[in-house]
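A.B. asks: In order, the protein sequence lines correspond to chains A and B.
When we follow my numbering, the leftmost residue of the first sequence carries the number 1, and every step to the right adds one.
When we follow my numbering, the leftmost residue of the second sequence carries the number 1, and every step to the right adds one.
Derived from the structure by calculation, the hints contain no laboratory data.
One should not assume that every hint holds.
To be verified - The list that follows gives simulated cross-link-like pairs (lysine-lysine, DSBU-like), each with its CA atoms no further than 35 Å apart:
1. K9/A <-> K3/B
2. K73/B <-> K57/A
3. K73/B <-> K3/B
4. K70/B <-> K16/B
5. K16/B <-> K3/B
6. K16/B <-> K73/B
7. K9/A <-> K70/B
8. K57/A <-> K9/A
9. K16/B <-> K57/A
10. K70/B <-> K3/B
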Amino acid sequence: DSGVTQTPKHLITATGQRVTLRCSPRSGDLSVYWYQQSLDQGLQFLIQYYNGEERAKGNILERFSAQQFPDLHSELNLSSLELGDSALYFCASSVRTGIAYEQYFGPGTRLTVT
Amino acid sequence: AQKITQTQPGMFVQEKEAVTLDCTYDTSDPSYGLFWYKQPSSGEMIFLIYQGSYDQQNATEGRYSLNFQKARKSANLVISASQLGDSAMYFCAMREGQGDYKLSFGAGTTVTVRA
Chain A
1 DSGVTQTPKH
11 LITATGQRVT
21 LRCSPRSGDL
31 SVYWYQQSLD
41 QGLQFLIQYY
51 NGEERAKGNI
61 LERFSAQQFP
71 DLHSELNLSS
81 LELGDSALYF
91 CASSVRTGIA
101 YEQYFGPGTR
111 LTVT
Chain B
1 AQKITQTQPG
11 MFVQEKEAVT
21 LDCTYDTSDP
31 SYGLFWYKQP
41 SSGEMIFLIY
51 QGSYDQQNAT
61 EGRYSLNFQK
71 ARKSANLVIS
81 ASQLGDSAMY
91 FCAMREGQGD
101 YKLSFGAGTT
111 VTVRA
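Go ahead and model the full structure; you've got the sequences and the hints to work with.
C.D. replies: Printed below as a string of C-alpha cells:
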C-alpha cells in the first residue's frame, strides 16, 4: 500500500458525460501528479500540483481540468467524455518536487466510456 | 523523440534465475533521475529503485539492482533470484531537471516467471 488513495476504483459512463476522479496523497506529501495509462499512448503525464498551485502541464486535453485543495487532496475533472478517454488514471504524490523524490502511485481509477 | 526506450516487450525467466530488463534514455540535461516501477496484473504502480545522474555507485534495493552506464545512456534493471511474484510489467522512467518534475515512461517490459 503506497499510502495514496484514489476513488472511485472503477467508473463506467457514457460519451458526453462529466466525471470527477479524486486523489488523496500520502500524509505530508505536497506534490500531486496525474497520469493517464492507455493501450495506445502508454503512460502519459497530465498535470502536476504543488501545495495547491499548478506546477506543470503535460498532454492534458482542454476538456480535462484539475485542482488541489487546501487539505492537499486533488481532483481531476474530465468532461465531454469520448470513447478514447477510456484509460487507467493514476494519481501520484511525492514529498517535494525535485529530481530525486520518488513518486508513489495510487491504485488508479479505471474509466470506461461507452 | 522518445525519451525512454524499452526494446523488450516480453520476457520469460525461470524461477530463481536472474533477469535483465533493458532501458535506454535520451536527454541533454546533465541532471536527471532514473526510476523503475513494477505494475502487476492488479494495476497498481510500485516504485522499485532510483538512480541519480550524479550517483557514482549503481543503485541496489534488495533483489533489484540498476546497471547504470551513463556514457551509453542505459539504465538496465537486474532482478536476481526471480520469484513467481515478480511476474508483472516493468516500466523505466526518467525525470529531468527542467523545473517540472514529471516522469517520462517507457513502453514497459512484461516479465513472466516460470516455475
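A.B. asks: State for each hint whether it applies.
C.D. replies: Now for the hints, and whether the structure bears them out:
1. Pair hint K9/A plus K3/B holds up; C-alpha atoms about 30 Å apart against a cutoff of 35 Å.
2. Taking the CA atoms of K73/B and K57/A, the gap is near 26 Å; set against the 35 Å cutoff, the hint holds.
3. Of the pairs offered as hints, the one joining K73/B and K3/B holds, with about 11 Å between alpha carbons and a cut-off of 35 Å not exceeded.
4. Of the pairs offered as hints, the one joining K70/B and K16/B holds, with about 29 Å between alpha carbons and a cut-off of 35 Å not exceeded.
5. Among the hinted pairs, K16/B with K3/B is consistent with the structure: their alpha-carbon atoms are about 32 Å apart, no more than 35 Å.
6. For the proposed pair K16/B and K73/B, the alpha carbon gap of about 29 Å is at most 35 Å, so the pair holds.
7. Between K9/A and K70/B the alpha-carbon distance is near 39 Å, which puts this suggested pair outside the 35 Å criterion.
8. About 24 Å separates the Cα atoms of K57/A and K9/A, which keeps this hinted pair within 35 Å; it holds.
9. A hinted pair counts as satisfied when its Cα atoms are at most 35 Å apart, and K16/B with K57/A does not qualify at roughly 42 Å.
10. For the given pair, K70/B sits about 15 Å from K3/B by alpha-carbon distance, which is consistent with the 35 Å threshold.
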